[in-house]
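So the protein sequences, as listed, match chains H and E. In terms of the numbering used here, the first sequence is residues 1 to 132. In terms of the numbering used here, the second sequence is residues 133 to 517.
I should point out that these hints are in silico values taken from the structure, not numbers from a laboratory. Glycine included, each C-beta is placed from N, C-alpha and C at the ideal position. Misleading hints may appear alongside valid ones.
Some, not all, of what chain H presents toward chain E, calculated at C-beta under 7 Å [as the list claims (entries may be wrong)]: (1) Ile-59; (2) Ile-60; (3) Thr-62; (4) Pro-64; (5) Arg-85; (6) Met-87; (7) Gln-89; (8) Thr-91.
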Amino acid sequence: MQVPRFWREIPRYYRLEAAACVQCDALHFPPRKICPSCGANAFETVRLSGRGALTTFTIIRTPPSGFTDQAPYAVGIVELDEGVRLMAQITDCDVDTLKTGDRMIAKFRRIREEGRTGVIMYGYKFVPDVGV
Amino acid sequence: MRDVAIIGIGMTRFGELWESSIRDLCVEAALACFNDAGIDRLDSITIGSMSSGLFTGQEHLASLVPDYLGRRNVPAVRVESACASGGQAVRTAFLEVASGMSDVVLAIGVEKMTDVSGGEATYALATAADQDYEAFHGVTFPGLYAMMARAHMERFGTTRDQLAQVAVKNHENGSHNPHAQFPFTVTRKQVINSVMIADPLTLLDCSPITDGAAAVLVAPAEMARELQRGPLTVITGIGHATDTISIAHRADLLHLDAIELASSRALGMAGKSIEDIDFAEVHDCFTIAEILVLESMGVVPAGQGGPATLDGLTALDGDFPVNPSGGLKSKGHPVGATGVAQICEAVTQLRGAAGDRQIPNARIALTQNMGGSGGSSVVHIVEAR
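The following block holds chain H by itself, in its conformation from the complex (with noise of 0.2 Å):
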């Protein structure tokens, strides 16, 4: 991957950065220029809370390039508090004990590296939310 189609998602990736639309007040990540709720394109940007709730996932048991020296890993799909829904990887438990349902709390992660010289790739990833 080429620094800048990394760099330029950075604000997502390591802020959660979304935008709230002006006239509607709906929330989109990531950010759109147009809002498909009601077609305005004045966007005020909100970092969201990267806390929620799990409400599907799964565990990639046979991944795609750029991601085997993970595998086993559980992606998922997190609706935020705020009502907004990302997919990501949950980590930092035993995935054979994950439940839909489940507390989630966003967490800067490392993605994945590009081999010895490659682009080092850092953005969030869910952890079980255990209220500490």
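Please build the complex by placing chain E on the supplied structure of chain H, with the hints as guidance.
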């Protein structure tokens, strides 16, 4: 618009065809199609391929294909809508003929998938998902459908047996199809106990990686009547719709809007309802996909796809036969070829030429081709006249 008929069909065998290149596959399917049609005229070509670039390094099929068909100078275009690319090729050919722009148009679907490793193929297929917000996290296509399968099981009580029955039924049908990649039968126990790919989906819940091509020749119905080679098969309805690329953004993960809209638009154009359909070829890239498609098209209410499959509704001798060809599961899924191959099966059935998998008195067929995780879909209604 002019009425548009299918005057020829042709397919390669589906499978791991190491001796055949992408150009060989296209030419072989096209030759079979011309032989079937019995004519030599060609005004234009449409080609559906999901990712010839990632799978083979070859783009610009719009030049390669007419060149190697011996038809230099004929206009050609490649269309792409992920796994619905084949359906798009047929739709584009239909539009050319219906509009009067061309008379005889060849629609080819092709994918040459085995020139890359399994990991590279999994990567190439995942490019049909949102690259920055789905694939970035390491999700695969089986993974996306597995998340839908888990949600379906938890919301509706769909069982592993019900999912497995989709594979059992489609392999049974495919065992009668000489083009099928995996023409063997399987049991529910074998499906459930095969190696886990993405929980809860196992290897035998998934369609395979396949090489293959399929072609159809379309022309004005009036011209087809003059040719008089077998029963007239007419495309009476086409529906096409799209949905969010990310499954996380759908209001209901288990209702595929693009499939509902594409099928209702196609049925509306044909003046038919789903009850009028004699059989369907649908996009069973995974066992759960066939169940979701049945529910989204309104064949059964939401949540009833699993029990209905186990009860035999969709079997060859059921009230609503689905995937008599063996579907993507058994016949194979050379991604860009699938939508065209579905039309080939529809025509074969409508001609009464499907042998041991023939559906008696089939007159009206529906084919449903799906892009990615339901981000796009094309539905055709084909009728025998």
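Cross-check of the supplied hints:
no. : hint   : result
1   : Ile-59 : 4 Å, holds
2   : Ile-60 : 5 Å, holds
3   : Thr-62 : 5 Å, holds
4   : Pro-64 : 4 Å, holds
5   : Arg-85 : 4 Å, holds
6   : Met-87 : 5 Å, holds
7   : Gln-89 : 5 Å, holds
8   : Thr-91 : 11 Å, violated
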